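Engineer: Letter by letter, the chains look like this.
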Amino acid sequence: MNELRPKNRAYQGYYKRDVPREDERLTHTGPGTPMGELMRRYWQPVCLAAQLKDLPLALLIMGEELVAFRDGAGRVGVLHRHCAHRGASLEFGRIAERGIRCCYHGWHYDIDGTILETPGEPPGSSIKHNACQGAYPAREAHGLVFAYFGPPEAVPEFPDYDTFHLPGVELVPYSIKHGCNWLQVHENLMDPLHAVFLHSRMGAVQLTEAWGEMPVTEWLELGDRVCYVASRRIGDNVWVRFNEVGTPNFGQVGGFWEDGLAETFFQRVGATRWTVPNDDRASTIFGLRHFSGELEAKGIGNKALVGVESLDIYGQTGDRSYDEMQRNTGDWEAEVSQRPIAIHALEHRGTTDRGVVLLRNHLARALKAPPAPVAAQGGIVPTYTSNTVVRVPLKPDTDDRAVLQAIGRQVSDIIVAGNSLAPGERAARIAEQLQGLIGPGAAS
Amino acid sequence: MNELRPKNRAYQGYYKRDVPREDERLTHTGPGTPMGELMRRYWQPVCLAAQLKDLPLALLIMGEELVAFRDGAGRVGVLHRHCAHRGASLEFGRIAERGIRCCYHGWHYDIDGTILETPGEPPGSSIKHNACQGAYPAREAHGLVFAYFGPPEAVPEFPDYDTFHLPGVELVPYSIKHGCNWLQVHENLMDPLHAVFLHSRMGAVQLTEAWGEMPVTEWLELGDRVCYVASRRIGDNVWVRFNEVGTPNFGQVGGFWEDGLAETFFQRVGATRWTVPNDDRASTIFGLRHFSGELEAKGIGNKALVGVESLDIYGQTGDRSYDEMQRNTGDWEAEVSQRPIAIHALEHRGTTDRGVVLLRNHLARALKAPPAPVAAQGGIVPTYTSNTVVRVPLKPDTDDRAVLQAIGRQVSDIIVAGNSLAPGERAARIAEQLQGLIGPGAAS
Amino acid sequence: MNELRPKNRAYQGYYKRDVPREDERLTHTGPGTPMGELMRRYWQPVCLAAQLKDLPLALLIMGEELVAFRDGAGRVGVLHRHCAHRGASLEFGRIAERGIRCCYHGWHYDIDGTILETPGEPPGSSIKHNACQGAYPAREAHGLVFAYFGPPEAVPEFPDYDTFHLPGVELVPYSIKHGCNWLQVHENLMDPLHAVFLHSRMGAVQLTEAWGEMPVTEWLELGDRVCYVASRRIGDNVWVRFNEVGTPNFGQVGGFWEDGLAETFFQRVGATRWTVPNDDRASTIFGLRHFSGELEAKGIGNKALVGVESLDIYGQTGDRSYDEMQRNTGDWEAEVSQRPIAIHALEHRGTTDRGVVLLRNHLARALKAPPAPVAAQGGIVPTYTSNTVVRVPLKPDTDDRAVLQAIGRQVSDIIVAGNSLAPGERAARIAEQLQGLIGPGAAS
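Protein chains in written order, with the numbering used here: chain A, 1 to 444; chain B, 1 to 444; chain C, 1 to 444.
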């Protein structure tokens, strides 16, 4: 029945079965690896603040075994998991008013890893001055706990993004484990085309119908950001979606429920997230879901579903049945099923993968010299991610793809140019300019 | 109590504890290995046809990750599991009227791996002409799906064995996973002596009492077949069982319920099977149970028990309790418990293991030059496997072992000589000759 | 909030994250390793006698796959697990009146591994004279099964410790698996300080209040024993606890429920135990709990809880909930959580770890030349482990730590000097001398 065809490209399994090694440089993040060292120059989320209650929490981050806890004074510690004394795990330690004590012999550590007491040792013992527990600077922000894993003499600023300060927006933290390398999870953010297929055309509409429209897409590299601008025709409107990722594993996603039916200008993000390696074959998205009356006007989102291993967006977790994953495939399995570590050498990338290529190249360059971050204004770092919908009816005898491209460029130019505005007025000024966009030359 | 004895061979554990490496040449079957390449020159079953319904099926065969499916037109595809585009698993793909689409970006593959569409790419994209998905020729036969994993320019004939064409015989497919290397499962077929012990004398009678009689056994190597002829004294009768395996992992087993009490001539097989490596430490028997009024006259077999991970023969599956496996041990655990890969260098083989040795030597030679298959007659390949029971009463003052041996040789000579007969008459002619066997010189 | 402090020892995680290799010499015990060979010169427990009933028992000891069984004559066999014929596991064998038969082809082995029959082979076969099954001498003692894994020409005496012969003492066998290397389990016995913290001060009182008192501790190396003598002030009394381990993995523990409130002299052990490697990352404590009216006067111990994976002492097993392990941490998780194999190079050992250091040095020396065992008296090997409580009220203006040290030394001197006494009178004479200890010079 299935005869061999004479075509060159039929039944080539035998000649294509070899599986080369992964791109270690971009995917491996253990201590001492190039990407691992890059990631260690940035604050990384490690758990939700709400997970730190009366017991220590065992963590695995970039191959390092850790324990996190909040001490009696409310301060957060992130320490190496194994006690510097004899190696018992501090996940079995006793949280103290200040720091934590090991269960085994009571060695008492402050949250910075300095030894407060070695109670079994004689009073004059100098051990506590000559030893310490490995520790990392930690801080809480927006319901997440962040730690800094790099050289202690080079702690970076904690980036305070503009989207953390929007009036009326509530940030709800979440985390979702993925049984695969961090990069294939992260780069999904620079792949707007998958939304057309995975989230719409391949089966159930997972977000809104509008996502199934094929966009005209542009990709931008702007300092420490890699971005896409995807412009879609929705009836008489054009929906311009601007998404960004930041070196090395930061990203934002525009509002999820946009349907393109009503005009909107510089509507901000649905989620801010970091994709953090647990080890080379597992990673966790730590994120902040943004809720506001404007973003959730359609009543689809559900704050109660956002938390540890849970999100109110379809297909983001690995706890659905295999049958459901096969019938209505989500991001989680599309990413995880690329193998424990996706093999770039086996890919056939097209024009639609330009964002992924741009991101990988950006990261490869960052290994040599991390890009300068977008400059903060008044201490607040501007970001771009947003949805904009403008009324631009379809014109007969016009190349509408060119129209979409031109509008996308105008929208993104306005947004990017807003970087230098003062934080207090930037969003409003950008929206204002976007509203004024539709003039004679709008679609030229 | 347990004193050390002065004997040389007592308590030698300390000197016998080293575990050498397995025989890689015969046991390893990944891409590029000698045995793997040999197996890839033959059609191999990969699943049951009934498993291909509305969803793709993930498979692992000889270390290769695959997906099998039946498209809307009813054609079967066996493709590399990871999409050629960006590696998402096609087990999450959408089966189309023609071929399958990847869930992630909708790339559309025909069953031969050629790309029908890359819908996210611009109309003029040439990707689909320059890339393809790894695919293997596949076909359905008798309720099993077979694929060919070798060089596409050398697809072999699909062997059409005589036992697929017997009137009144229904072939019922099954598959059973084994947590061990393929060879120790396969070579059990060339080990008739284990039936005396494992299936009879060591505990419960798993088949019939007759199996517990010690046979006189001969081993034959005939072209691409390795065979045994086991002759047993059952009262006034002699039961001659002829079993065969074929290069590299094909085999047939005579009827299971023979009790030797009634004459029968060239009664054909109880099961046809292939032992297919999943990887080097796991394998699956894919088989066809043969049912007919004659074979199942005793009413023991049960068609309803034959399928995926199920067979109507005791001890063939791994889902029994450990206690039951210990008390009434079956083939499954006798094979799997030889270690994940049995260590030939630790064996002490005797005369009863000649079939196993012959098979291994046959396979080792086949690695250098595959043997010519037994020639098809009218497109149909003759096979030997059968039970024959002839009346030859025990004679006083005669070496009955010599009688058994002589009868076994006569029976097998007649059956093998039947190779050149036309398919339509071969079985009847062989039976006729066997019936005429019992003459003055029968046991001389 | 958590600013980097200017101190040298704060936030040093980045500089302390490397995990060196384990100390292979002391921790690895597979065939041919230095420690493995040392352990193979001593009788090792492998299971409870009660586990050998009507079915064989599969075991893993020092990386060797084994099977243990009791034959129909009541004799115990410890054989290599895989049949010398074709490798099927003897855990699926049939126990015979004499020895065991393999399920697959019925090869029949005596408990010493000699082949009694190869029933499928012809009568004249010489296989049974030229082959054998790997076997180890085995014996039962006190409800445990012991085997000797060393060269068969050098079987050592089975040590008959004095504590096996105490009147009124019942020995109840138990075994507890640990998911970590043997050494970190074993050396807990030479670490009396952990009892102050883990068992008392860090949370619930797991034994008695008295354990929470900080002892004055001395460490002794005496032939094949490494010991500690821990002396505690309990009101007007001094409690001297003497514990010992023996080369390489033997140990004893004094009575568990001592509260120091009543005088007692040379009260013997609560448990005798051996920490046996399963492989390098798992080990099993095989032990004998001692029960007597004297030892269990408080009614805390519970014989019914002692057995396979069960003990009547808190925190000794791994089957408690993670929450309970975090809140009331026991020895099991304190030991197992030191990593699968504790990394000595990362430890910061203090004066309180002198016992652990002494033990490791003792073992390292034993690898070169095993120490001479303490000489048996009348066939019985003296041991030291015991609790002694003497009335020595606290004196004003006295350095009580010096008093405790002096008393500890006097007690241990008396006990050690008792080595040469005849077994029948030793315990009474030692107790007598200890009772006479409190004189004018007692605490000088």
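Since the hints were derived computationally from the structure, they do not count as laboratory data. A couple of the hints might just be wrong.
The list treats identical chains as one, so a pair stands whether inside a single copy or across any two.
What the hints assert, rightly or not - Think about it this way: if two alpha-carbon atoms lie no more than 27 Å apart in a straight line, the pair counts; the simulated DSSO-like pairs of lysine-lysine are: (1) Lys395 - Lys16; (2) Lys298 - Lys128; (3) Lys16 - Lys368; (4) Lys53 - Lys303.
Since the structure is predicted, the reported quantities are computational estimates derived from the model, not experimental observations.
Engineer: Each hint should be assessed against the structure and marked as holding or not.
Structural biologist: Evaluated hints:
no., hint, result
1, Lys395 - Lys16, "neither (47 Å within a copy, 65 Å between copies)"
2, Lys298 - Lys128, "neither (58 Å within a copy, 40 Å between copies)"
3, Lys16 - Lys368, "between (33 Å within a copy, 24 Å between copies)"
4, Lys53 - Lys303, "within (21 Å within a copy, 38 Å between copies)"
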